[in-house]
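*Asks:* Given chain A, put chain B in place with the hints provided.
Which chain is which? The protein sequence lines are A and B, in order.
In terms of our numbering, the first sequence is residues 1 to 112.
In terms of our numbering, the second sequence is residues 113 to 231.
No lab work stands behind these hints, which were simulated from the structure alone.
Positions of the beta carbon are idealized from the N, C-alpha and C atoms, including for glycine.
It cannot be assumed that every hint is accurate.
Pair ranges (Cβ atoms, derived) [stated by the list, open to error]:
hint, chain 1, residue 1, chain 2, residue 2, range
1, A, Leu7, B, Cys125, 32 to 42 Å
2, A, Pro18, B, Glu175, 41 to 51 Å
3, B, Glu134, A, Glu95, 25 to 35 Å
As a list, the in silico DSS-like pairs of lysine-lysine whose alpha-carbon atoms are at most 27 Å apart [claimed, not checked]:
hint, chain 1, residue 1, chain 2, residue 2
4, B, Lys167, B, Lys132
5, A, Lys111, B, Lys153
6, B, Lys153, A, Lys49
7, B, Lys153, B, Lys126
8, B, Lys132, B, Lys178
9, B, Lys153, B, Lys178
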Amino acid sequence: AQSVTQLDSQVPVFEEAPVELRCNYSSSVSVYLFWYVQYPNQGLQLLLKYLSGSTLVKGINGFEAEFNKSQTSFHLRKPSVHISDTAEYFCAVSEGGNKLVFGAGTILRVKS
Amino acid sequence: GAVVSQHPSRVICKSGTSVKIECRSLDFQATTMFWYRQFPKQSLMLMATSNEGSKATYEQGVEKDKFLINHASLTLSTLTVTSAHPEDSSFYICSARDSEGLAGAYEQYFGPGTRLTVT
Chain A
1 AQSVTQLDSQ
11 VPVFEEAPVE
21 LRCNYSSSVS
31 VYLFWYVQYP
41 NQGLQLLLKY
51 LSGSTLVKGI
61 NGFEAEFNKS
71 QTSFHLRKPS
81 VHISDTAEYF
91 CAVSEGGNKL
101 VFGAGTILRV
111 KS
Chain B
113 GAVVSQHPSR
123 VICKSGTSVK
133 IECRSLDFQA
143 TTMFWYRQFP
153 KQSLMLMATS
163 NEGSKATYEQ
173 GVEKDKFLIN
183 HASLTLSTLT
193 VTSAHPEDSS
203 FYICSARDSE
213 GLAGAYEQYF
223 GPGTRLTVT
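One chain only, chain A, in its complex shape (with noise of 0.2 Å):
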């Protein structure tokens, strides 16, 4: 069965700094990998996503992602961040493209 693991369930940052969001799976088989954003009482929105081929993947907002199938990592970062960035990341795994199976989620707090 697929799991997530995310180690950190609140990420303190300053403004501008860099961040790394830390997101761990487990599964058999191959996965389909993503990044989440949740703003307050907010649906998901979709910041990027590994399918296959190159294992750094950019999405939107200026984060990026690294898959590592040897850790089976899949950790999110953004070089500087802005207050705006401050909301709740969910990673998730699909096994198959079917259903998502979401880690806890980690909360981004950017201080000015």
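*Replies:* Coordinates of chain B only, in the frame set by chain A:
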């Protein structure tokens, strides 16, 4: 493109009544839609997979007679919470998968969510 709407955004109902939540894909067709539930400060838990023209597939532990799902068209799925109780209060989010878009074949587009409060 790829917009999913939900209605209502918020609903308050009395214990024992039923509530219907609609999920629509506005600019694409979706043979498959998903219903999630999210408790405060927690992740999304998949409740069921809704397939157009057939019965929904429920996740283990989800009561199918309590959470009725109907996917009558390629752009609309509904979730009805029957005989609602306070413990059903939650944030319900739907998503839809684009049936025809190759680039988004494995991507789910999420609605804005519905906040249900049962008093």
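*Asks:* Now tell me if each hint is right for this structure.
*Replies:* Tested hints:
no.: 1; hint: A:Leu7 with B:Cys125: 32 to 42 Å; verdict: holds (38 Å)
no.: 2; hint: A:Pro18 with B:Glu175: 41 to 51 Å; verdict: holds (45 Å)
no.: 3; hint: B:Glu134 with A:Glu95: 25 to 35 Å; verdict: holds (29 Å)
no.: 4; hint: B:Lys167 with B:Lys132; verdict: holds (17 Å)
no.: 5; hint: A:Lys111 with B:Lys153; verdict: holds (20 Å)
no.: 6; hint: B:Lys153 with A:Lys49; verdict: holds (24 Å)
no.: 7; hint: B:Lys153 with B:Lys126; verdict: holds (24 Å)
no.: 8; hint: B:Lys132 with B:Lys178; verdict: holds (12 Å)
no.: 9; hint: B:Lys153 with B:Lys178; verdict: holds (24 Å)
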